[in-house]
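There are 2 protein chains.
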Amino acid sequence: MYRAPVDEIAFTLKHVAGLEEALASGALGDLGSDLVDAVLAEAGRFATEEVAPLYKAGDETGAVLKDAAVTTPPGWKDLYRRWCEGGWNSLTGPEEYGGQGLPMMLSVAVLEMWNSASMAFGIGPTLTMGAVEALEKHATDDLKRIYLEKLVSGEWMGTMNLTEPQAGSDLAALRTRAERAGDGTYRIFGQKIFITYGEHDFTDNIVHLVLARLPDAPAGTRGISLFLVPKFLVNEDGSLGARNDVFCSGLEHKLGIHGSPTCTMIYGDGFGGAEPGAIGWLIGEENKGLACMFTMMNNARLAVGMQGVAIAEAAFQKALAYANERRQGKAPSYTGEGMAPIVHHPDVQRNLLTMKALTQIARSISYNCAHAIDMARVSKGAGAQHWRDRANLLTPLAKAFSTDVGVDVASLGVQVHGGMGFIEETGAAALYRDARIAPIYEGTNGIQAIDLVTRKLPLGEGQHVHGYIEELGAEVSGLNGVDGFGRSAGLLEAALADLTEATRYLQEKLAGNSMQDALSGATPYLRLFSLVAGGAYLARAAVAAPSGERIALARFFAENMLGEAAALKERVLGGAESLGLAGASLITA
Amino acid sequence: MYRAPVDEIAFTLKHVAGLEEALASGALGDLGSDLVDAVLAEAGRFATEEVAPLYKAGDETGAVLKDAAVTTPPGWKDLYRRWCEGGWNSLTGPEEYGGQGLPMMLSVAVLEMWNSASMAFGIGPTLTMGAVEALEKHATDDLKRIYLEKLVSGEWMGTMNLTEPQAGSDLAALRTRAERAGDGTYRIFGQKIFITYGEHDFTDNIVHLVLARLPDAPAGTRGISLFLVPKFLVNEDGSLGARNDVFCSGLEHKLGIHGSPTCTMIYGDGFGGAEPGAIGWLIGEENKGLACMFTMMNNARLAVGMQGVAIAEAAFQKALAYANERRQGKAPSYTGEGMAPIVHHPDVQRNLLTMKALTQIARSISYNCAHAIDMARVSKGAGAQHWRDRANLLTPLAKAFSTDVGVDVASLGVQVHGGMGFIEETGAAALYRDARIAPIYEGTNGIQAIDLVTRKLPLGEGQHVHGYIEELGAEVSGLNGVDGFGRSAGLLEAALADLTEATRYLQEKLAGNSMQDALSGATPYLRLFSLVAGGAYLARAAVAAPSGERIALARFFAENMLGEAAALKERVLGGAESLGLAGASLITA
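These protein sequences, in sequence, are chains F and P.
Each residue of the first sequence is one higher than the last, beginning at 110 in the numbering used here.
Each residue of the second sequence is one higher than the last, beginning at 110 in the numbering used here.
Warning: the hint list may mix true and false statements.
As the list makes no split between identical chains, a pair holds if one copy fits it or if it spans any two.
[Stated by the list, open to error] Below, a list of computed lysine-lysine pairs in the DSS-like style, where the Cα atoms sit at most 27 Å apart:
hint : residue 1 : residue 2
1    : Lys397    : Lys439
2    : Lys186    : Lys165
3    : Lys397    : Lys246
4    : Lys439    : Lys565
5    : Lys565    : Lys489
6    : Lys253    : Lys397
By construction, these hints were calculated from the structure, which means they are not laboratory data.
Working from the sequences, and respecting the hints, build out all of it.
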């Protein structure tokens, strides 16, 4: 069973992701280390003692649809109530609407815990937070007054309605219609799919944010507007009014995260005999809906990245416990009685260390991304721009690398369990199932890589990324000659040079508008970047708390895993031509 | 839906795995190319038209246990009957007992097809084939007379009973008891777990091969005997007699291959009011049971490797079809109307080409392993020894690399499908679930790597492996200057040099009894070996049929994927120390 690694999380926040400095500098107001520790400890307790025990009910029973109503797994409704009562829904919400206004760094830390305990449970409130963010930034005061307090407290939940059958990665193809009703409201008609927590029994009302197209809207992504469509209309006094014309027509039968209802939502079909047309209110300006969505896209991507970290952590814990308990065979290092615990076998150690290093790297990158978001919020002028650029640069790494890590680490976790790993009862297989969605949704990892190359490398006139690499380089050179790091410093320096070379290559291709070359190298580049940054962060952790364990892990990573960097660089620099030639043979359409 | 790639399979057999030469030389008797083609075509038809359509019933309904009886999924019993009538069970069986005595190369080719169409269906008969092999080599004439013909025809099925809760990878810990009954028979008592097709409704009788320990047996693996324990005793006239004291007490709830019943088997518990003790007959000599098992272990490992190839092929086909059909966004190479089929996106091409190259490599290695088994059988003296060594060398690669490929390719297949990949209906997720057991059973992939390093590198006084690498090297150097291969020749030569260096390093460590160093490098070494051999095989295929497509794929692999080889070599040569240091911190037991 998962136990929240509160100490490791606090350590990474403070010493790898800059929280300690931020607290000391007063950048985060009167937030102190004591409060941080208290929040993390209580979140750890809640995740470990209250969320994790309900994981199995979520996976086995799942969410069930009957007569357009969704019943969440046994115990989950009450769990959600207690979770809201604990103040977890309002953690980062605006103080004006009852939120606690705590920084993103704390948010991702506790988000990791909820998702380790149950990704299917953790994902629901993430969407509410996105809705809060969108409304706070773009909604009218009237809408804020009606909806924000209840979304912040968790009394109501929010959803995001983007995807349609023909419009997934490409929202330009979106068809859902919005018509002006003449009274300032709109009527929405259409079908949305893959809507997470689109219908459920956690809350009395559900607030849908829906992308749709006005009749006179331009084609493509510049003709998309964002609407608020509540499940129940809200009376002036805040009480619930009539049922709106939106309903859930189906739940997907998914590989994993079974407790999370993934809904097909029908808007404006005359549900329950109503006059057809779901009543909606515009958020932001007409035809500017995508910009409103992008406001919260970065944070949503980081939140999905945390799912990757979370699954990896849970899988590592489970595999480590099993490897210390299960005994088979003899091992060189084992001198005890009988069969050796399998953790003594070098090959099992390799699997576990790979899992551990990848988990810590993904966590470090993601927390650093959260740190940059927080610093951007509290900084001014050039400082704010610097941290915004940093957050933008790290977001695709946090999303894509962490979720790839989630899948890979969960798969290794199954392997460490041997035959028991394939048996559902053990729980390792469930993590392998849950993990698989995270590289796909909120922008596939391929799209993250394209975003990194085409939108993030140009930041600060192409200089921001080099500034970041130089910062890492300065730290790494400090390792030279430090005891215990073995060949780490030299290997990290070489990998940083590879990263710089690959970065310049891609920047040149972009500048020369050689899009095929730039796009072909995007995925290996994102992984190269993440491994190199991650190796530097492992070293940073080892320098901050120079225990034998942390130093050995940083060295293991540098000497056993970082070698991939050179191969990835070669792929970026020299792979595009053969990719294009061989790729042509795949096309039959 | 899967369509058996009959042409590609035939091409790989003939031109990459040596079948054409073997046929031409008369080594395979009067087997001709026409018969090979006819067998492959009919197997392809049966797999495509008859097995594949029943995949979903297997996955969704699964095998069901009630009152110690197992019902297989709807339609499967009849499918099995038709499959046996088609002669597929007897393909490689000894002609003396009604088998067709066809070579292993054909066996693995059709095995790939059954497993691509349904791994849960394909795995059952594989166990019967193992039982046939064990009985043919080690059983008394009496037992052969009673059982072999019916096992070869498929009228009865066989099982392998090795694993117990405390004895998985380490059979020394085995506890199942066998007692001499005084009349030449034995009584078996104990519990076996993870018994594939241990109970089912395909056949009237089931022939269990069971490892157990006699009361006076030495401890460890030298005190294990092999017994034949039929579900029903067999009368002198071949008709079924009394029910034996063996029954299925439970089915595992597994991640995948749901159609395959994975049974807990109870021996000698007085099932149905019988006098306790399952009646068994000794196979081979007392205390020599493990040697009998090892007879068929190599072939069983190759068969599991084929599951990896099979899943990868099925996943690639599904992803390729989807990528040509699904349209999203714009792509540099697409000039048509509307959104581009996603196969035009370079990142999607990278995923698909990675899948395609890995699948073809795993297939090439596995078929070459089958070729070596066939050549060993028909050769004499030093030739036979050479081919036995070759088969032994390639078996761990075929098993471990192919099954890792199965998992990785299935995971990429889900990714190519985007959100649809996570929906069970699409079928990509089911392959991802099924694939995950193959790296575990029949010797985990970690154990395969240890086998490769500790038992296969010493073959032929350490020279056999170098002879193999030199053969590949001679082929590769022939690519120099050949049009279209780009930098392939140089990259392959460098990778072969890395493989040689890593091989010599491990051989030195073994010679110096530095087991920790040798074992630490085993897993990266196995992958290094497989990638390099695979790259050479892709080049061999491209030379044999120099189409643009094959040349481009070989070049893509060399320029985009082979770079990993240098990193793997570094891991083998320089990774052990940091692995040991960091690994120590994992041990709490």
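- Non-conforming hints, listed in increasing numerical order: none
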